[in-house]
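Join the two chains, each given in its own frame, into one complex according to the hints.
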Amino acid sequence: MKTLLTTVAALALLTGHAQAKVLTVTPGGDAQEKLQTALLDAKPGDTVSIAAGRYELTDGLSLDVAGVTVKGAGPGATILSFKGQKSSGEGFLITSNKVTVRDLAVEDSKGDGIKSKGVDQISFVNLRVEWTGGPKSTNGAYGVYPVSSTNVLIDKVTVHGASDAGIYVGQSKNIVVRNSTAEFNVAGIEIENSMNADVHDNLATHNAGGILVFDLPNLPQMGGHSTRVFNNRVVQNDTKNFAKKGAIVGDVPTGTGVMVMANRDIHVFGNEIDQNQTAAVMVVSYTQNYDDLTYNPLPRDIAVHDNRIGKNGWAPQFPGGEVIANAIGGSIPPIVWDGVTNFTPKGMSAPVAVKVHFTDGPVANLHFAAPGNVFSAKPEVKPSIDDGAIAEPKPVVLPKAQAGL
Amino acid sequence: MRRVFAALGAVLAIGAAPAPSPLPGGVALKALLSSAPAPTLADYRLFTDAGADHPNAGLTPYALNTPLFSDYADKTRFLYLPPGTHAAYRPKGALDLPVGATLIKTFAYPADFRRPGEKVRKIETRLLIHRRAGWAALTYVWNDDQTQAMLKRAGKRLDVSYIDAQGQTRQIDYHVPNQNQCKECHSLSGRIAPIGVKARNLNGDFAYAEGAENQLAHWTRTGLLTGAPPPGKAPRTAVWDSPTEPIEARGRAYLDGNCGHCHNPKGMASNTGLYLDLEEARPARIGIGKRPVAAGKGSGDLETDLVPGQPDASIIAFRMASTEPGVMMPELGRSVTHNEGLALVRAYIAKMDRR
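Sequence lines, in order, name chains A and B. Numbering-wise, numbering that gives the first Met the number 0 puts 365 at position 366 of the first sequence, and it's gapless, one number per residue. Numbering-wise, numbering that gives the first Met the number 0 puts 70 at position 71 of the second sequence, and it's gapless, one number per residue.
Next comes chain B alone, as it looks inside the complex (with noise of 0.2 Å):
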């Protein structure tokens, strides 16, 4: 009871002012860990407002230094850690994140690239909740008017456009995917797992409302990780389209973030002995030299997945240039050609030296 007369004493003090809504209490805890979902994002109280713009306290930003290319959408991520918990360093693969701990992240498109803040109209919310059981993949869509996001398992299409930062209008056919595509990507040997929140991934800096710090050094500082050493001891994974980086260390990143999570010796691709996460080494592995096994068209009539200094006669980009389900890759996530994304991955091979 009092807890409500201070959620309305706070309303009051806002007065007329246009601001959401303020939900109530602390991020519910308890409705994270339940076995069953909660029909809308607000349930879990992971913002304060019900439009989601203002994070509840618990919750960290983060970005990625090489994310997932997902259809031109923006994307913003925060770590939830219940109170008194932290998430343990590890030097290769996901930090080691406690139970309750949760993964949300908001797809969203301005109207106008040019204007990236204004009139940005969110489609999904995705969390990764870390449950006793194991982790588990859920994602809300957001309504038309912007006020609720609904829980959706089967999956959706909704129809996007915008305009891009060249002032060209597209159109997405933007996918929701269902409950199980979300564990075909976050996929390890079979169980769900987080993909992006691994060290090398995060250790960059961040724009916090203080001020830039490096991300691993600034959780380390808040208390939210331990374990890690300093960011210039611990793995770093480049930043795609960072042009001061060498195009290499770039290219592995891209294949990393957009291909790794499938194509690594634990995840769905793993039969195709074709390994594109940072952390394989082998030259066959990564493709060079090596024929495809069960790409069928996909193969697009080349013989070989990576030839160094030839993109041309690579496979990995024709399928990351094809718009074809059964030939493009990856498979799920997109619907457009990531231009900039396979500019890098062509240049990347197209540098590598001829064998």
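Okay, chain A solo, but in the shape it has when bound (with noise of 0.2 Å):
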């Protein structure tokens, strides 16, 4: 008895909520009616467990209510299943701070798989999110989507099949990007319009681009910045872009490593990038029209460095890539930068100074005269571009309750 009250005591101590439960959710019966009343009974400080099997949900699933757990008996045991999904954006979404996803499965979402909009400390863990067709135009858009949200935590996360971005982080702060897997989708992991992002450890492989650091025009939050991509494996992201036009990741190149876009202060370091066949590293400006006085479309402050650099850039997917890559020897050598520097922001005198620390030679400049104007390059080839040493951010740290996760 009185290790049960201490149990009881811990917990409430731990949560901070004297009366902490645990709702149970058994499969059976209407999975949609369970589960969302669940999910709406719940209080702060409570556990949504979700038992092991399938769940058949007919429209989304939401929670708005801070400081739940949401957790499953594994992502290979609860399986979340929209197949016959009628409505709503996306299969799960979460709208309340402090909350939790983990040990569970989503599959075949309409929209996006789980998203977060506009909160605090999200967190998901130990997920799976996948398309069981295989990529194909028609999947979802995103597998894992926190957007406008601070403090966003994505470890041990599997995501296959979206037809956007895998994991996609948009117009956030705070991230750490953990010990995930993104295969088989247009974009594997994707840091949008985002400030101070982790990106490590991370599996991306046959998706068309492993991983993306962009910054868009005319959004809430732009002047994306300070994302660190290290220790990550990004090995042969090699199926076809199958993105519907439009989309911003339907213009990136299959077989692209890394690509960054626009930003300033992203480092890139002690990753593994092989068998990616446009380029290991592409750095560009934002290409497309745009009207936004506020927004800077060139990269700028990026560093490259250390990273294990395999076969890549054999056979190069951009537009102009192969005869580029014949210019220059036959094909595209580990890092390729558009190298624009002639940005002048309206109310300024002279242009923003860009500085590059491109180590991990040879270097493509392909010193276009303006965002995407490949007519006007002249190609030029460096062992190595560098401005000199650019400092590193430091690392995210994300609240206590979190990281210890």
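Misleading hints may appear alongside valid ones.
Facing chain A, from chain B, some residues (calculated, C-beta under 7 Å) [said to hold, decoys possible]: (1) A153; (2) Q178; (3) N179; (4) S269; (5) N270; (6) A280; (7) A283; (8) P291; (9) D300; (10) E330.
Because the hints were derived from the structure by calculation, they are not lab data. Just so you know, even glycine gets a beta-carbon here, dropped at the ideal spot from N, CA and C.
Right, dumping it as structure tokens:
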């Protein structure tokens, strides 16, 4: 009895909630009603425990209670299937703070897999999000999709078949993506319009592009910066880009290892990058038209160093790639940079300084006159391009409760 | 006790007439304000009859110039204000409504839209209640006998069949939203908020029992609303299906009413940067020349949200036409295409000057 009381007290201390309880959902009956009711009934500190089994959902699920853990019996055991989904833009939507979703699978959602919008301290742990028919343009866009969120943890997550990015973090701050696998998606892992992200110890393989760090115009949060991409395996990204047009990842050439578009202070190091037919690392400007005076389309303060770069770039899939490859010896070197440096923001008298530290050479500087201006290319290959050391962003530190997950 | 007798007397006075039995007393404000939702709609006594055809004292019917499309359901709306309270005018956003204010909306289908008042099947009655802690969204689903509406928190699907205005039989896989989904649309910066009761969308005539009158003027005259200018000086949302109004105003009104609740800087779709509420004026923000961000397959192989002069090249029109989850817009609240709304938005885009 004493032990029991101690355990309860410890639990209460841990959760900061006196009556934290576990709401258990089991398979059978109306899965939609049972699961959604538990997600509505949960109070802060509670756990919604979803027993092993298959749950056939007809609509999206959603959670709007802070401090709730949604836990399955493992990504191979608790399966939320959205094959028969009739509404909602995602399988599971989270709109409350301090939520952890772990140990379950989301399959065949019609739109995105699991999304969080506008929340703080969101954790996705030990999940599988999969479109079971393999890569298709009719699959949902994103597998795991935190957006406009702060303190984001994505750990031990596998995403398979997303028609945009498998793991996509958009317009967020303070982000860790680690120990995860993204395969057979258009983009494996994408960090977009975000600040302070550590992307490490992941595997990105058999996507069209492995790991992307993008900054796009005309969005509420722009000026993405300070992302470290390190100790990942970015190998054999060889699935033909199957995105619908319009999506920005539709422009990612098949066989891209790591791609940085716009942004500043992006550091790519310690990765294994091998068997990507277009290039190991591409650093490019945003090339489309936009109507946004506050946006800077150029990548600047970018460091690429100490990666283990294997065979890449033997058949580049970007427009003009073959011509450029032929002009510089038949293949694309490990790092290719569009070389655009002459962007002067409205109201400023001189271009913004662009600094690069590319030491995993050789490096191709395409010397584009302007973003995307392939015809102005004057490709030049150098052993390295190094404007000197660029200070590395500090490691991302998540709040204690999250770091301990 | 006295009240019970009075009620009994009222029943006896009606005698054998097949009128519904009246519920005693006024609106149960205490039940509205309670943090625990009542199990049935009748518990609030918003209506004097079990079938919710007769509003209780304190309820005012209203209509919107341009409402949200909801799978062709007919919607009747009431505003309840507690005794002695009033709404305060705001030129932008929803009116400032006092604690206790409740917005009541019933979704129903007549068996045959050519005979709109007959054989009406009520599906659900949604309440938006201004409690002390903020707004709460609840929905009550009607039973087959149409005698009782029960609280439904987790959502529900219902088969609905009706004959449309052209005489065609139509089937709807009607979706009652779950409680969180109510908030997905009714959300401003993460808190529940009313959508429809904006001065601009109320600025039109309503056919009251005593004759038609502008709603802002009527509410002001009857003490429900303070601070409103004369209707001619207040903003006004165009009536989306009024052929006498300019197509641009009607197109923007339709997008405001059907998209702007999420697609605004404080709504669920704030991250898209596509803002379709009437308060937005920047061309790129209303979609002109704007590329999609998180549309995925929803782009439909198109590259721009809105291409002036080219509805077929505009993602907005593509997603309005779709009925596929993950592609269709809005994401919630419809399962069929609103053909008339789509035709309007396509005409609005087609008429814009090409750039």
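For which of the previously enumerated hints does the structure constitute a violation, in increasing order of number? 6
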